[in-house]
Structure formats: C-alpha cells, structure tokens
Amino acid sequence: MREIIITELIQALQELVHGFEHYLPRLVVMLIIAFVGWVIAYLLKVLVRSILRLTNFSKLSESAGASQLLNKAALPSSTELLSRVVFWVAWVGFVLLGVSVLGIVGLQEYISRFFLFLPRLFVALVILFFGSLAASFFSRAALLAAVNANLPSSRLLSISIRIIISIFTLSMVFEVLGVAEQTMLIAFGTAFGAVMLSLAIAFGIGGKDLAREFLERKLASGKKEEKEDELSPL
Amino acid sequence: MPLKREQGWYKDAIIYQIHVRSFYDSNGDGIGDFNGLAQKLDYVQELGANAIWLMPFFPSPLRDDGYDIAGYKSVHPNYGTLEDFKTFLSSAHDRGIRVIIEMVANHTSDEHPWFRESRSSQDNPKRDWYVWSDTDTKYAGTRIIFVDTEKSNWAWDPISKSYYWHRFFSHQPDLNYDNPAVREEMWNVMKFWLDLGIDGFRLDAVPYLIEREGTSCENLPETHEVIRELRKKIDEQFPGAMLLAEANQWPADLRPYFGNGDEFHMAFHFPLMPRMFMGLRLEDRKPITEILQQTPEIPAACQWCLFLRNHDELTLEMVTDVERDYMYDIYAKDKTMRLNLGIRRRLAPLLDNDRRRIELMNGMLMSLPGTPIIYYGDEIGMGDNIYLGDRNGVRTPMQWSGGWNGGFSAADPESLYSPPILNPVYGCQAVNVLSQKRTAHSLLSWMKHIIGIRRSSSVFGSGSIEFLYPANHRVLAYVRQLAKETVLVVNNLSSAAQAVELDLRRYKGNILIEMFGRNIFPRIGDLPYLLTMGPYQFYWFRLRRI
Amino acid sequence: MSGLVGHIRGDSNPRWEVELAEETLLTDDFLRQLINVGEVDILIGLSTHNNAKTIEPVIRAVQSGILKCFPRDRAVIINADGGSQDGTPELVIGASIDDVRSLSKVYALRTLHSISTQYARSPDLGTALRTILAAADLLRAKACVVVSPDSTTIQPDQLQLLVRPVYNDNFDLVLPIYRRQKFEGVLMRNLLYPMTRAIYGYRVLEPYASEFAISGRLATDFLTSESWNNDWGRIGPEICLTIAAITGKYRVCQSYLGTKAQPHRSATDLVAAMRRTAGALFSSMDSSFPLWSTITGSQPVPILGSPTELALEPVRVNRKRLLEMFAAGVSQLEPVFESILSASTLSELQKIAKLEVGEFDYPADVWARTVFEFAASYHKSVISRDHIVQALVPLYRGRTLTFLLENRDRSEEDIEKSVESLCDEFERLKPYLLEGWADRK
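Protein chains in written order, with my numbering: chain A, 10 to 243; chain B, 123 to 668; chain C, 5 to 445.
The hints are simulated quantities; they were obtained by calculation from the structure and are not laboratory data. Certain hints may be false.
Far from chain A, some chain C residues (derived; all Cβ distances over 12 Å) [as the list claims (entries may be wrong)]: (1) K72; (2) K109; (3) V110; (4) Y254; (5) R255; (6) G262; (7) S291; (8) W296; (9) T349; (10) Y436.
Covered by chain B, according to a simulated footprint, are these stretches of chain C (three or more residues, beta-carbon under 8 Å) [stated by the list, open to error]: (11) 32–40; (12) 114–123.
All C-beta atoms, glycine included, are put in the ideal place defined by N, C-alpha and C.
Make a model of the complete structure from these sequences and hints.
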C-alpha cells in the first residue's frame with residue numbers, strides 16, 4: 010500500500026512538474042511581452058508628448074477652454090493627459106496580449122472582446138471630452154449674451170443649456186458604448202422632449218410678448234427704435 | 123482767274139489765317155505786303171491749306187492793327203495796291219486756294235471819312251451813320267469788351283459835343299445799322315470785293331450791330347435781320363460766296379446766327395477752344411464733351427469753324443469764374459500774359475513747346491466736326507512776345523529761315539513793323555520754315571501729313587459725330603460717319619500712358635485701320651475694345667468691313 | 005488676375021468668387037474701374053452695408069466739400085460694400101459727376117468719379133478698409149479720407165478739416181474730435197482714451213475713429229503690415245490703424261470736427277462696439293508688448309482747429325436700469341469673473357453692486373484695475389477671448405453710471421478735467437498691469 014501512495018505521489022509530482030514545464034515558457038513569454046510593451050508604450054508616450062508640444066497643442070486646448078476644464082477636474086495638462094492615455098492604452102494592450110499567450114481558455118474570448126471594445130471606449134471618451142467643452146463654452150456664451158441683453162434668468166438659461174448639452178453628450182456616450190442603448194435613447198428622448206415642450210409652453214404663453222418684440226426687431230429691418238436710455242458709447 | 127464758287131466748299135476747307143503785314147516783305151520796307159504774300163503761296167499750297175483768311179488790309183490808322191478801318195474799297199499802302207491784291211488773288215485761285223477777307227462791319231476808325239462827316243455837325247447827312255447820344259446813360263448795363271483799356275461804351279466827341287457809341291476801342295465808333303443807308307453802303311462794299319472774286323467774308327463783331335434800350339445790345343433780332351438781308355443778296359448775286367461770323371457767344375446764342383440756313387454759313391465755335399486747353403491740363407475730357415453736348419444742331423449746309431489760336435487773345439469770356447481762374451493759373455501765371463479776360467499767347471508757348479501736346483491739339487482740331495483754321499506760324503511752332511503791347515505779341519513776323527530777319531524782310535531789323543522773336547527756344551534760328559522743310563520729322567512735315575490725311579476724306583468736314591464715353595475720363599473718343607465711311611478717333615488727354623476700353627459693339631466685325639501708318643488693328647468683337655495709349659497719343663482709325 | 009481666370013472657367017460657385025475677391029482684394033471689375041479713374045489726389049472711402057437711407061446726403065456733402073475746397077484736385081469716391089440688398093451701391097454709382105450723367109446739375113471743373121465694389125457677401129470692416137486702402141495705394145492718392153455712411157450731419161467744410169493737414173501739412177493720420185452731448189462717448193472717454201494713453205503713451209482723445217484721413221504713405225504701409233493676419237486686424241481695423249500710426253514713425257494729429265451723427269443703436273451694438281474697440285485694443289497689446297511695456301507717462305498729440313460751441317440736446321438716461329444691468333452682471337457672471345478678475349477686485353465690485361443709485365460710485369482706480377485685469381486675462385486666454393470681452397460690458401455699464409452721476413451738473417470743461425484725471429489714474433496703475441501680465445495663474 011505504501012508503494013501505491015508513493016507511486017501516486019510521484020505521478021502527481023511528475024504531472025505538476027510537467028504542467029509547470031508546459032506553462033513556464035508561456036509565462037516567461039507573457040512577462041517579456043509585458044516588459045517590451047511597457048518600453049514601447051513609454052516611447053509612444055514620449056513621442057506623442059513631443060508631437061503635441063511641437064504643434065502647440067496646449068495653446069489650442071487653452072483657447073478651447075479645455076485647460077480650464079482639466080484644471081477644475083484636477084487633471085494634468087491636456088498634453089500630459091493625452092500622452093499618459095496613449096501610454097496606458099498601449100501598455101494594457103500589450104499586457105493583455107501577453108495574457109492571451111498563456112492560452113487560458115475563456116480568457117481569450119474576453120480579451121478579444123476587450124480589444125474590440127477599446128475603440129468604442131476611446132470614441133466615448135472623446136465625445137465626453139468635447140461634450141464637456143461644448144457645454145462649458147456654450148453655457149458661458151449664453152450666460153454672457155443673456156446678461157448683456159438684460160434677459161431675465163440668464164443663469165437659468167445658461168444652466169439649462171449646460172444640462173441639455175451634457176445630457177446629449179451622455180446619451181451619445183452610452184450609445185457608443187452600447188450600454189443600455191435603448192433605455193438611454195428612450196430616456197433621453199423623453200427628457201429632451203419634455204424640456205422642449207415645457208420651454209415651448211413657457212416661452213409661448215409666458216414669453217409671447219418677449220417673442221413678439223424679438224421677432225419685430227428681427228423682421229422690421231427699417232424700424233429700429235432708439236431706446237431713450239441707450240447712450241452712444243463711441 | 124476766279125475760282126468757281128461751289129456750294130459748301132467751306133466744309134472741306136483747311137483755312138490758313140494770315141496777316142499780310144506779318145507774312146512776307148517783298149519791297150524791303152519792313153512790312154509784309156501782297157506781293158510778298160503772293161510769292162509765298164506755294165508754301166501755303168504745300169502745307170495743304172486750300173483757303174486763306176486775310177486779316178484786315180484796308181486803309182487804316184492802324185491803332186487796332188487794321189480793325190479800325192478808314193476806307194473800305196482799297197488797300198493800305200503799307201501792303202501794296204489794289205492791283206497787287208488782284209494779282210495775289212489770281213495767283214491764289216490758280217493754286218486752288220480760296221480767299222476770305224475780313225469785313226469789319228460793326229465799326230470804323232474815327233478817321234474814316236464817314237465819321238469825319240458824321241461828327242462835323244448834327245445836320246450832316248451822315249450824322250445818323252453812327253450812334254450818337256447827348257448823354258452816356260443810354261444802353262446802360264451793356265458789358266465792356268476791352269475791359270483793360272475802356273471804361274465806358276460811350277466816348278465824348280469834342281467836335282460835335284455829344285457822345286458816340288463804341289463797343290471796342292474809343293477810336294472805333296460803331297456804325298448805325300438802323301440806318302438803311304449804312305446797310306446799303308456796306309452791301310456796296312461787300313459787292314465790290316465779291317466782284318473782284320473773293321470767296322467769302324469773315325464778319326467781325328457781328329453780335330453788336332444793333333443796339334436797343336433795356337437789352338444787352340448783343341444778338342438782337344434786328345441784328346439777325348441785317349444779316350439775313352446781306353445773305354439774301356449774296357445768294358442771289360454771288361452764290362457760293364461764304365459768310366463767316368465772328369461772335370464770341372455761348373453755343374445756344376451762336377445758333378441763331380445760322381438762322382434756318384439763311385444767315386451765316388459758318389461761325390467760330392469760341393466756347394470750345396478754351397475748353398480744349400482746359401481738358402488737356404485737367405487731363406479730363408469733361409469740359410470738351412460738355413460744351414459739345416450743349417452745342418445745338420445747325421442746318422445741314424452750315425459749318426462750325428474750329429481753331430486753337432488766332433490773332434486775338436485766347437478768350438476766356440465764355441467760361442465760368444472757376445474755369446477762368448484755373449486757366450489763368452495754369453496758362454498765364456505771369457500777369458503780363460493776361461489781357462481783356464484772355465491770354466495773349468501762341469500755341470507752342472501755351473503748350474510748353476511740347477511736341478506731343480501740339481500734335482494732340484492739332485489732331486483734335488482736324489478731327490472734331492468743323493472747318494479747322496491754322497494761325498500762321500503755329501504750323502512751325504512759333505513763339506510769342508508778351509512784352510509787345512496789346513495782342514501784337516502773337517503777330518510777329520513769320521519765320522522763314524534762320525538768317526536776316528528770319529527771312530521775313532531784307533530791311534534793317536530796326537525798321538521792321540515788329541521785332542521778331544529772338545530767344546533761343548522760339549527765335550528764328552530755332553524755329554523756321556526752311557529748317558523744318560528739310561526734316562521729315564519736323565512739326566511742319568507732320569502738319570502737312572495730318573492735313574493730307576484730313577483732306578483725304580470728307581468724313582471730317584461733313585460727317586456726323588457720335589461721342590463714346592469710355593469710363594476712363596482721360597480719353598476723348600468719338601466716331602465720325604459720312605455715308606459708308608466711318609472713322610474712330612481716340613485721344614489720350616493725359617500726360618501718362620492710359621488703358622481704355624471702348625464699347626464698339628455697334629461696329630462689330632469691322633477691322634480698324636490706323637490712318638497714319640495704315641496698319642491694321644484687331645477686329646471689333648463682342649468684348650470692349652481695349653486700347654493702350656502713350657502720353658498725349660491719339661489714333662485715327664478707319665473702320666473697314668472685309 | 006485670378007478673378008478673371010475664374011470667369012473664364014465659367015465656375016459659378018459663388019463662394020469661390022467671393023473667396024477669390026478676398027484673396028486678391030480687388031475684383032477684376034473693380035480693378036477696371038480703378039484703371040478708369042487713374043491717379044487721384046484725394047480718395048474718399050465709404051464702407052457701407054444697407055445704408056440707402058443715409059448715403060445720398062453723405063455723398064452730396066462730400067462732393068460739395070470737394071468742389072468747394074478742392075475744385076481743381078483729382079478726387080474719387082470709393083464705396084466698399086458688404087453685400088447691401090437695398091441698392092446702396094447703385095446710389096453711389098449714380099452720384100458720379102461726369103459727362104455721361106448729364107442729369108447731374110452740379111457744376112464741376114473735372115470729372116468726380118463715384119465707384120463701388122462688393123468686397124464680401126456680409127460686412128467685414130477690416131476687409132472694407134483694406135479694399136479702400138488698396139485702392140488708395142494703386143491710385144497713388146495723396147490723401148485718403150474715410151467717411152462714415154451714417155454721417156448725415158457732415159458739413160462740406162468738414163472734409164477739408166480732415167484733408168488739409170494731410171494734403172498741405174504732411175501729417176499721416178488725422179483723427180477727429182467730435183462735438184458731443186456731454187454724456188455721449190463714454191466708452192471712448194472712460195476706456196479707449198485712458199487705455200491708449202496709458203499703454204502707448206500718446207494722448208489721442210478718440211483712438212477709435214470711424215472717420216479719419218490718412219496719407220498715401222501710411223495707407224501703403226498699413227496695407228502691407230502683418231496686422232491683417234490677426235483677428236484684431238479684421239475685427240477692429242480702426243484701433244489697429246491708430247495704434248500702428250502712433251507707434252510707427254508717422255505724424256499724427258487730431259482735428260475738431262462738428263457733431264457726430266449717431267445711428268440708431270440697440271443693446272447688442274454695445275457688445276459689437278466693445279469687440280471692435282476693447283477687444284482690438286487688448287489684442288494689440290499682445291503683439292506689441294516689448295514696445296509698450298517700457299513706456300511711461302504720455303505726450304500730447306497736436307490738435308488742429310478749435311472746438312465749436314454747439315447747443316446739444318440732453319439725452320435722457322435711465323440710471324436705474326444701468327444699475328440693474330451692472331448689478332445683474334456682477335452677480336450672474338460671478339463664475340466668469342472668477343476666472344478673469346482678482347479676488348480683491350471682484351469683491352470690491354460686489355460691494356459696489358449693492359449700492360443704491362444715489363450713492364453709486366465705481367471709482368476710477370477700481371475701474372482702471374478692472375480694465376487692466378481684463379487685459380491681462382485676455383493675454384493669458386483664461387477663457388475664450390471673445391467671452392472675456394463680452395464680460396466687460398456689464399462692468400462698463402456700471403462705470404457709465406458713475407460717469408453720468410459725477411458729471412451730471414458739470415460743464416464740458418470740468419468733464420474733460422475729470423477724464424484727464426481718470427487717465428492719470430490709468431497711467432499711475434500701469435505697473436499693476438505689468439505685474440498681472442507677467443503672472444501666470
């Protein structure tokens with residue numbers, strides 16, 4: 010009986026060693042890929058950073074208002090952010106490639122799905138970024154225009170525009186990501202429609218005088234009444 | 123032998139204005155004469171002129187260069203005899219050159235026998251031959267023409283102790299045309315000369331023949347009646363003889379002098395002339411086109427007389443004050459040059475002796491509708507002497523050569539009727555007929571050439587005119603047409619090169635043939651016709667459809 | 005002649021035609037018209053957009069001025085039109101004095117062309133001015149005068165007040181000084197004049213001029229300058245020109261003219277005016293920092309003529325509304341101001357916004373600091389630059405209110421003194437601007 014145990018043990022040990030022998034090279038390959046990937050990702054990051062610096066990307070993003078946005082979110086500058094994103098995407102890609110070499114069944118499928126998902130993730134992030142920029146820019150533009158035109162509730166208008174653009178952006182992001190697409194579409198449509206309807210009612214009934222005045226000003230091109238209290242500044 | 127008088131001969135005429143006194147002295151007394159003039163007729167013929175207009179040569183005390191007439195039916199002894207005149211006339215006609223003489227009808231000299239009689243007493247039969255008054259207040263408001271010398275149109279006669287009317291110098295009393303005897307006698311005078319064979323009269327100072335209270339005493343209907351009378355007699359007895367009016371008036375006021383073809387055959391277009399000079403300096407055709415736009419149509423048999431300069435000052439009567447000031451400032455900076463609301467300078471000095479401008483002005487003279495008159499000496503670019511009194515500065519001796527007295531006379535230089543021009547620019551050494559005849563590129567040669575081209579076609583004398591108004595205001599362009607012949611004239615009034623686009627669509631399909639060199643230019647198509655022109659350049663194009 | 009090529013190809017793409025026009029500034033048709041005009045002594049430029057109501061009297065006044073004061077000189081009226089739909093260009097062309105339009109009853113010694121070109125399909129002041137200057141350059145005009153198409157109060161004599169200094173006295177730029185009702189021109193007196201004076205060291209009373217005269221030399225130089233490539237050169241060419249003249253080696257002077265014709269304005273025009281003036285001014289400071297950073301104090305600019313005594317009707321002003329707009333602006337735009345102003349300035353403004361009309365006061369030093377902080381923020385582009393300019397408008401209204409209250413009973417002379425002391429404040433605080441300029445947040 011003792012001999013059978015020893016034989017089984019030796020057999021099990023042999024299978025373990027065999028299994029180890031079988032996977033070790035792959036592990037090594039995975040590590041090598043990960044390491045090489047890190048190097049390449051780092052080089053890419055440096056390259057992207059240099060290109061962005063050369064093309065004065067930071068100035069561009071500053072004038073677009075992106076810098077301020079990032080500042081508020083306590084994120085690094087746009088150049089740095091972009092190069093870091095490139096680094097991480099590249100390295101994660103390499104790491105996953107390395108993992109796929111291990112040949113773990115089931116994981117392959119998830120890994121390939123992840124890679125398929127990456128472009129959409131990227132697009133979603135871009136949409137989110139620009140959407141935020143747009144929301145910030147247009148809400149501020151609306152605020153300034155409303156204040157200078159002495160419209161009441163200029164803040165409300167500005168916030169409304171920010172919300173609308175943000176909701177629109179988020180809907181697009183979710184649609185791109187394919188997360189609860191239908192739900193988001195319906196929800197957005199409903200919300201948007203409701204907002205528009207309420208604005209129409211409010212504007213139509215409550216603001217019909219304002220609307221008339223606005224239209225008169227636009228259409229009656231000849232008649233511009235001088236406001237008594239408007240001095241000529243120049 | 124008299125030249126056969128044809129109707130309308132004056133339309134194709136090139137008239138050469140001569141003062142006998144200034145042209146050529148044959149007898150060495152220092153004054154030009156008819157024999158001398160006769161000797162120089164070949165020159166006039168070679169130049170291309172086919173008519174001569176003679177300035178007054180009648181007996182006269184010469185206080186107004188012969189316009190103060192002391193006898194109407196003879197020749198001043200300075201210039202020869204009546205026989206000399208007849209010889210000259212015959213020689214001219216032999217060469218196909220017609221002769222127009224001056225008829226100073228409005229006034230005489232105060233030394234004329236008629237006036238001597240008229241002033242002698244209030245009862246003299248010829249008393250009413252002149253315009254007398256006990257006061258000098260009649261016809262008040264009538265303008266004074268010789269503003270620099272006369273203060274009034276009335277002069278006091280100490281002999282008859284009354285005032286007599288004179289529109290010009292005080293020694294030139296006006297004849298009274300309300301008196302039939304005066305009209306009769308003036309007709310006799312004209313008939314005398316017409317019988318001799320002359321071809322026409324330039325009637326001096328016609329607007330002033332008749333006076334009426336409360337008017338400007340110019341251009342009155344009665345004046346026209348006098349002229350019609352004269353014209354009727356001429357047409358009946360001397361058909362083909364020509365009457366040329368000297369009336370310094372606005373175009374609208376000139377028109378009546380043509381009547382319905384029953385008054386003058388020709389009239390000087392006075393208002394055009396200063397505007398040609400103005401347009402040239404302004405580098406803008408506006409003054410020229412505007413005056414021609416205001417020029418009314420005249421009867422078909424009638425003709426305008428065009429000139430650049432003449433024996434008188436360049437008159438600035440028929441321009442606005444702004445224009446007059448401009449002309450004075452540009453053309454007569456030296457006040458010595460100014461006289462009687464005019465400028466007493468010759469053509470070449472006015473144009474700074476610029477050959478191109480002289481050519482351009484002559485080009486316009488030869489191509490605008492009318493009969494051109496060339497003032498003697500301007501064809502060689504003679505200068506003037508503004509320090510001689512009155513208008514004598516533009517009446518200096520003709521410069522025939524660079525020798526003794528410029529070839530004008532063999533007399534002592536001091537005895538000449540007028541000192542010749544001596545300065546190095548315009549003097550006889552620099553400007554004379556002999557040297558200009560020797561070169562093909564002289565002004566004289568050029569003048570002969572352009573006159574030849576002008577005479578080669580009746581379109582210039584008898585054709586219609588249509589102005590093109592290119593957007594470039596520095597270019598004066600017009601089309602002359604007669605029957606099937608069409609000539610396009612384009613003048614660059616600017617001192618700089620110009621590009622001009624002409625709307626010639628009406629003449630589409632025609633080839634342009636430049637008349638001086640006879641080279642062909644591109645055919646007229648649908649697009650505006652682009653021409654580029656050098657400073658002061660002009661083109662005459664004959665249009666041909668082949 | 006790329007425009008001509010466009011025609012030959014038969015390309016009817018209107019956008020391409022307009023692009024070509026902008027590219028070359030002069031369309032073939034306009035060039036042809038310029039050839040026909042030829043060299044001129046005086047060029048009058050009119051930039052228009054739907055000005056049919058006022059353009060004819062303006063042109064008649066200009067023509068009278070030329071015929072009266074410069075009858076012998078060669079002149080031309082050039083209209084740069086930004087796509088008028090009301091027949092403005094046709095009215096301009098119809099006013100030509102020449103031998104073609106024998107209907108013109110006006111007597112003139114020479115032709116006085118009046119030509120028009122459409123430089124774009126919509127108004128663009130910079131391109132309009134450039135077109136006029138290009139024409140002045142090509143026609144070798146000795147003097148170029150730009151007149152506003154709204155100047156219905158222009159007198160024929162006024163033209164020579166602008167032209168003679170250039171024509172006879174060799175000045176390069178003549179800026180107008182208008183006779184105004186005492187409360188008009190607040191932006192000019194409270195911002196543009198003090199700012200230009202403090203920054204560039206020249207006392208130009210009206211640096212923004214819609215009417216001025218310029219020598220051929222300056223016109224040619226300005227035409228070829230780099231400033232047209234900048235935004236500010238396009239948005240605010242008038243200020244651009246003034247600054248180029250005072251900072252270059254040009255002789256500048258100012259001339260008293262009559263009253264300024266004020267077209268009907270609406271509130272939106274104040275934002276546009278702010279862009280054209282303050283925006284252009286801030287933008288100019290960017291590129292010329294090495295020049296103005298070393299300037300201290302200011303020197304006078306020659307003034308010609310004498311002011312006319314005119315009785316002007318007082319303008320009624322709704323002060324309460326001004327205060328409301330100022331206060332609303334300060335509160336509603338707080339998030340924007342946080343990016344632009346310093347904390348201390350913002351808190352001062354918030355205190356001022358709480359004051360009643362009777363005790364309202366927006367002191368000169370606070371205003372100067374406000375403007376300087378705006379300028380510095382503009383330079384750093386803390387937010388969109390156009391938004392920075394727009395944000396200044398409500399604060400300007402507050403300053404307007406103070407100006408009205410302070411000067412309500414003062415004479416014109418006293419008002420001028422108070423403006424001068426405001427300028428002194430700007431000059432005194434210039435180091436503050438320089439500090440803010442260099443700091444980076």
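Cross-check of the supplied hints:
1. No beta-carbon of chain A is positioned within 12 Å of the beta-carbon of C:K72; the least distance is around 29 Å.
2. Every C-beta of chain A lies more than 12 Å from that of C:K109, the closest at about 29 Å, which supports listing it as non-interface.
3. At roughly 29 Å from the closest C-beta of chain A, the C-beta of C:V110 stays outside 12 Å, upholding its exclusion from the interface.
4. Under the 12 Å C-beta cut-off, the non-interface status given to C:Y254 relative to chain A holds; the minimum distance is some 23 Å.
5. For C:R255, the non-interface assignment is confirmed: its Cβ lies about 24 Å from the closest Cβ of chain A, beyond the 12 Å cut-off.
6. Separation of C:G262 from chain A is adequate, the least Cβ-Cβ distance of about 15 Å exceeding the 12 Å criterion.
7. Listed as outside the interface, C:S291 is consistent with that label: its C-beta sits roughly 15 Å from the nearest C-beta of chain A, beyond the 12 Å cut-off.
8. No beta-carbon of chain A is positioned within 12 Å of the beta-carbon of C:W296; the least distance is around 22 Å.
9. Distance to chain A confirms C:T349 as a non-interface residue, since its nearest Cβ pair spans about 18 Å, more than 12 Å.
10. Every C-beta of chain A lies more than 12 Å from that of C:Y436, the closest at about 24 Å, which supports listing it as non-interface.
11. Counting residues of the segment 32–40 of chain C whose beta carbon lies closer than 8 Å to any beta carbon of chain B gives 4, which meets the minimum of three for the stated coverage.
12. Chain B is given as covering the segment 114–123 of chain C, and this holds because 3 residues of the stretch bring a CB closer than 8 Å to a CB of that chain, at least three being needed.
The structure agrees with every numbered hint stated previously.
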